[in-house]
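S.K.: My request is simple: use the sequences and hints to build the entire structure.
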Amino acid sequence: MELGPIWRAMMRNKTGAILIALQIAVTMAIMVNAISIMQERSRMMARPSGVDEANIFYISSVGFAEDFNERVAIEEDLNMLRSLPGVVDAIQTNSVPLSDGGWSMGLQTEPGAEIQGTGVAIYFVDEHGMETFGLELLAGEDFSPGDVGWRERSDTEWPDKGIITRAMAEALYPDDPDSALGSTVYINDDEPLTITGIMKQMQAPWNGWSGVERVMLVPQHTLFGATRYVVRAEPGRRDELMPQVEQILADSNKGRIVRNMRTMEETRERSYRSDGSMIKMLTFVIALLTLVTALGIVGLASFSVSRRTKQIGTRRALGASRSAILRYFMTENLLISIVGVLAGGALAVGLNMWMVDAFDLTRLGWYLVPVAMVLLLLVGQIAVLGPARRAASVPPAVATRTV
Amino acid sequence: MIFYYLKLGWLSIRRNPWLSALMVAAIAVGIGASMTTITVNYMMGSNPIPSKSDQLFYVQLDTWDPNTVSDDPFEPPDQVTYNDAMALMKSAPAYRQVASNRSGLVLEPENRDETPFNVDARNTFADFFPMFEVPFLYGGGWDSNADEGMERVVVLSREINERLFGGENPVGRSVRMNGMDFRVVGVMDHWLPVPKFYDVTNGAFNDSEEVYIPFNVAIEYQLPRNGNTNCWKTPDGSGFEAFLNSECVWIQFWAELRNEQEKQDYMAFLAAYTEQQKLIGRFPRPLNNRLDSVMEWMEREEVVADDAQVMLGLSLLFLLVCLLNTIGLLLAKFIGKSGDIGLRRALGATRGTLFRQHMVEAGLIGLGGGIFGLGLAWLGLRGVEILFGEFIENLVTMDWLMVLTAIGLAIVSALLAGLYPTWRACSIAPAGQLKTQ
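Protein chains in written order, with the numbering used here: chain A, 1 to 403; chain B, 404 to 840.
Hints listed in this document are in silico derivations from the structure and should not be mistaken for laboratory results.
Take these hints with a grain of salt, some might be off.
[Said to hold, decoys possible] Partial list, derived from the structure: chain B residues whose beta carbon lies under 8 Å from chain A:
#	residue
1	Ser423
2	Val522
3	Ala645
4	Val713
5	Leu717
6	Val724
[Said to hold, decoys possible] Below, simulated DSS-like cross-link-like pairs (lysine-lysine); rule was C-alpha separation at most 25 Å, straight line:
#	chain 1	residue 1	chain 2	residue 2
7	A	Lys14	B	Lys740
8	B	Lys740	A	Lys310
9	A	Lys161	B	Lys636
10	B	Lys599	B	Lys666
[To be verified] Each pair of labels, with its calculated beta carbon distance range:
#	chain 1	residue 1	chain 2	residue 2	range
11	A	Leu138	B	Glu623	29 to 37 Å
12	A	Ser144	B	Glu699	53 to 61 Å
13	A	Pro145	B	Asn633	32 to 40 Å
14	A	Met45	B	Asn419	44 to 52 Å
15	B	Asn633	A	Asp160	19 to 27 Å
Using N, Cα and C, we set each Cβ at its ideal position, and we do this for glycine too.
M.R.: This is the structure:
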């Protein structure tokens, strides 16, 4: 190979090569970190909410009239909703996963104000909660109609039963999560509550919360003035049911308004909208950046080819084949790119370390660095191909001309 | 002379149209990307009330749980309790002060056939309007007699007035909300502070509320609240009264203090109040009250999102790549003109002359890149708006400062990029270049 001569020729005119190498290095630093952020976001977005997202929708009801009897309205509404053809089940509750608004409390295994509780998201449901959300009970039993009470906005007492997620059981009893079933935990520092069921998985309303898998179902209807009905439709019937439910609820009681009817799918979309947007923006940035870098390589390589037209002609006249010329430029680019990606690797890791520190991002997957290296080497080779072929087509006769 | 350089620069740009286009495009793309993110960051970090941002103070009282291990050192809660808010309203020595909280009401239009609808509401005090310099289209805010007399008065936003009264002057008419009649006293003109500094807790970039009613009225009639509520201790007993007397925080409290002396007096009052409350068993933590000015508060609440900062950093690196690109291309171009330069040097042009001439050329390319970059930034902001949707729409407008920044950044970048190639071009020895010709 003619690596030696290529390297020495390059060293005679370093600036162009250094500029390309620097460009590749910075491009790689951006690329690797952008991909790392995208991976982090898509991992977040891929987490299941635990509920039957495809078939669930919900609607809010706000009473405003003086004579609005919320308790009667809830009972009537639930009877009506559950008897609608196409409805699997329905409940009245305070919130749903991914909706970003809800109620949280602390649970602790020992009573006492000085003990720090473990945060848990609360959903108020009745005995239809598991069926409506489509949850899976791992152990214990579901609520029975007799368990379900009514809760005023300012009530502070809690019922004596709750169903928690497996993740919550692990958080409360890290050594023996199975012992959570049937155990007594304390809410409000010292109010005892028995864990009567463990469910497989369900998310809290806040997708960015570190305890997003820690959830407890509590057997109560809420009388908070504003409420939410969650309806689970038979597969494929959600969209036909939605306008129907909205109409019936609006017509059945003039003392309230219904609003914000939304599917779980839309809720997911809204909840992760900024993450999804971040992924799209970063994809665009990477594509544009690669293009800019490739164009830069094309530009500088073309320039170097036109500057060296005479030398190329001379080499051709002295017997170098077309492929030897092509190889010369390709190899030159490869050498520059290797320097660039090596520097880029270091830069990428450095940038990532800083971003982990400043913005709590996750560390890079180690494999991203070599993958990006290979990718950028390829981009460089493809970009230089055009100018290199133009170089190869320089006729030997050029050598004989004076200018 | 400058015109001569501009002409030379223009001729040189036209001589290699492709290379020049590539340079302009590289700068434009870099400027477009970085200006998009700079604009979003600039709007997020902008001062929502520049005329008096250092005279408005957000009040934080540390009434929180002594057993919380998660904050170290202790952070006071970001809102205040009802009792504290009322005590401060009554006796704290501020030029002006307001307690306020977010709420939602159901509005029943006059026309019975129209369905009632929800409006975003704020429960507040008379000083809210002069203190935050709220502009009025009709009428004005209410006065403190209305607060004390619990008059059912309401200030409407311009938008809701258009919906309810077709934009006509509604002062004196009444609006029915949650089954009660409120008398309209004023209509705001368009008012949208970005960030919405007076209530960062419930969304720093939300729209302003649609109706404003006296806080005392909302308490008296137990109207719903729908803002963030945090409690570290369960209220003693059930009922609204118990909630009001609880350690739950749900009210934002602002004080207007015109100078350092007033601020110190206010701080001293807070300290004395805390000591007095400690006697009855409240404020279990060490004294830790805070007065943050508007911008201090924005910073403490980290109003500028991490994502925006990450994108800003990445886009500036992007601009760097584009500039490296431009340096390479300019170098190629200027070295390609070695013959020209040699000739001009031989004919008596000094290095300084040539330097200026080539910097003018680089500047021209920068100007072109800036103009196209501005267009790309506009497109970029529209893209961001489409991607992120309504919650960002108050952040994606460019003001004059941003437009000038874009052009300035482009020209400065191009000049920086031009420095090295120009220096190289100027150091060409004339003899060497003239020899072969």
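S.K.: Each hint should be assessed against the structure and marked as holding or not.
M.R.: Comparing the hints with the structure gives:
no.	hint	result
1	Ser423	violated, 11 Å
2	Val522	violated, 11 Å
3	Ala645	holds, 6 Å
4	Val713	holds, 6 Å
5	Leu717	holds, 6 Å
6	Val724	holds, 5 Å
7	A:Lys14 - B:Lys740	holds, 19 Å
8	B:Lys740 - A:Lys310	holds, 17 Å
9	A:Lys161 - B:Lys636	holds, 21 Å
10	B:Lys599 - B:Lys666	holds, 23 Å
11	A:Leu138 - B:Glu623: 29 to 37 Å	violated, 49 Å
12	A:Ser144 - B:Glu699: 53 to 61 Å	holds, 54 Å
13	A:Pro145 - B:Asn633: 32 to 40 Å	holds, 33 Å
14	A:Met45 - B:Asn419: 44 to 52 Å	holds, 47 Å
15	B:Asn633 - A:Asp160: 19 to 27 Å	holds, 25 Å
The structure fails hints 1, 2, 11 (numbered hints given earlier, in ascending order).
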